[in-house]
Amino acid sequence: MSNGGAESTPGRSKADDFGYAVARKAVAQVCEKVGFEGLKESALDALTDVTLRYLRDLGKTASSNANICGRTQCSIFDVVRGFEDIGSYQGFPGAYNSGSCLVSSGTIRNIIDFVESEEEIPFAQPVPQFPIVRESKLIPSFEKMNETPPGNHIPAWLPALPDQHTYMHTPMWDERVSDPRAEKIEQARQRRKAERALLSLQQRLAIPVPNNMEKHVSVMEPFAPAIEAAKEVGVNEDGDGDGEGGRTLLPEKRHTVKFRFKTRERMLVEPLDVHLTKKVEWRSEQSLGREDERDDKKRRAEYIYRQSMEYPPELTQL
Amino acid sequence: MNQQQQQQQLGDGRRHDDDAVLAEFLSSLMDYTPTIPDELVEHFLGKSGFHSPDVRLIRLVAVATQKFVADVASDALQHCKARSAAVVKDKRDKQAKDKRLVLTMEDLSRALREYGVNAKHQEYFADSPSTGMDPASREE
Chain A
1 MSNGGAESTP GRSKADDFGY AVARKAVAQV CEKVGFEGLK ESALDALTDV
51 TLRYLRDLGK TASSNANICG RTQCSIFDVV RGFEDIGSYQ GFPGAYNSGS
101 CLVSSGTIRN IIDFVESEEE IPFAQPVPQF PIVRESKLIP SFEKMNETPP
151 GNHIPAWLPA LPDQHTYMHT PMWDERVSDP RAEKIEQARQ RRKAERALLS
201 LQQRLAIPVP NNMEKHVSVM EPFAPAIEAA KEVGVNEDGD GDGEGGRTLL
251 PEKRHTVKFR FKTRERMLVE PLDVHLTKKV EWRSEQSLGR EDERDDKKRR
301 AEYIYRQSME YPPELTQL
Chain B
1 MNQQQQQQQL GDGRRHDDDA VLAEFLSSLM DYTPTIPDEL VEHFLGKSGF
51 HSPDVRLIRL VAVATQKFVA DVASDALQHC KARSAAVVKD KRDKQAKDKR
101 LVLTMEDLSR ALREYGVNAK HQEYFADSPS TGMDPASREE
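Note that the protein sequences, when read in sequence, are chains A and B.
With UniProt numbering, letter number 57 in the first sequence gets 57, and the count goes up by one each step, no holes.
With UniProt numbering, letter number 35 in the second sequence gets 35, and the count goes up by one each step, no holes.
For reference, chain A alone in the conformation it holds in the complex (with noise of 0.2 Å):
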C-alpha cells in the first residue's frame, strides 16, 4: 500500500490513518460520556488501537463463519457465533450451553440491555464513505486519437503511442507575424492616450494661478496649445461621472493647490502656513457631503501629478 508523506507509519494506508484518526474521535466521546474529564493521549491511543483491534477481529470471524458454511455474504448467525468467540475470555449470561439457538445468546441480551440504558450520542461530525475511488484516467486508443497506427501489427484498439514532441526534439516555428506597420500605428496611439491622460489629470487640477505666486509657473501654459487640440478632438473623461460630451464640471469652491516647479531637488520642509492652509480649505470641503468622493480623488490626482512632475515627465510610463 502506497503511503504519502511522513505522517503515516509505515504499512498503513492513507484510508487506514483517517479510518483511525476517526476512531481516536468515537472513542474519546464514549469516554466522555462514561464519565471521564479528561485523557492521556497515550491511554487513548492503546484504547483506539484495541478498539479497531476488536473491531477487526468481529469482521474475521463472522466472515470465517460465513465461509464455513459455503457463504459468501455474512447473516445475523454469523455475527452472533463471533460475539460468543470474542466474549468467551470476559463471560456472558448463557456461557455454558453453547449447543443454544443463537438467537437467544446471552451476548444479544447484554446488547439489547446496553442500548435501552444508554442514551445515544451521535459521531460529532459527517463522515463521508471512505476510501475515496479515484476515476484513473485511461490514455485514449488509437481510434479515438484519429491515428493509424505505425505498423500492422499494432491493432488500432491499444492506447495510442505518445506524441513525437515527447521524447524527440522537433523544430519550433514562431507563429507569429511581425508587421512593422501596424505596430507603429499601435505604439503612437498608446503614446497619444497616455497624453491625453495626462492632459486630463492637468485639466482637472488646474484653477487660476493666485496674484502671490507670481514665481510659480503656471501649470496649464506650456500645455495650452494639446489642451485645445484635445478639448476638439472631444476629450472624454469619466472620473466624476459628469459627462456632459465630456466636460467636466470644475466644483465652485476648491482648496488651493500649491504647484512648485522643481528641477532636481525636493523640498522636504513645506513653509507651515501653507500647510495650514491646505488644512483649512481642505476641512471646509468636508462639510459640503457630496463633493467627499472629489476630494479624495483629486488628493490621489494631486500625488500622482505631483510625482510626475518631479522628474521629467515620460508619458510612456503612464
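Because the hints were derived from the structure by calculation, they are not lab data.
Chain B residues, not near chain A, derived (Cβ > 10 Å throughout):
| id | residue |
| --- | --- |
| 1 | R83 |
| 2 | Q122 |
| 3 | E123 |
Partner residues are not named here, just some residues of chain A that face chain B (Cβ under 10 Å, in silico):
| id | residue |
| --- | --- |
| 4 | F18 |
| 5 | K33 |
| 6 | V34 |
| 7 | G38 |
Cβ coordinates follow ideal geometry from the N, Cα and C atoms, glycine included.
Given the structure of chain A, go ahead and fit chain B onto it with the hints provided.
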C-alpha cells in the same frame, strides 16, 4: 411422551419470543445512532472480509463495539476513583488536585487485563525491590 411434547412446545414458544425480540431489536437499531459511525465500521469490517448488504448488521457490530469501549472505560473509571479515594484517605490536601478524572495508561492497562489484553508498560526505574512485581502482591 406428553411431557416431552409439552417441553418442546414451550421451547418453540420461547424461541418465537426470542426471534421476535431479536427482530424488534434489529429494527429499533435503525433509530439508534451509535457513536462509532457506520462508514468507519464498514471500512474496517470490509478489510477483514466481512461482506453484508444489510445495514442492521453493521449497526449491530457498531453498537457491540461501543459497548465494549464503554465497558473498558467504566472499569478504568472505577480504578481511577478507587485510586483517588485511597489517596484522599491519607492526605486531605490532595483532594482539590485529584478531582479531575483522567484516563491514564495505568488504569487502562488494569482494566484491559480483565478483557484479555496485555497492555502493561515496562517501569522506568527500579526504585524498590518490589518494582515489576504483580500489583496485587505489592503494598500500596
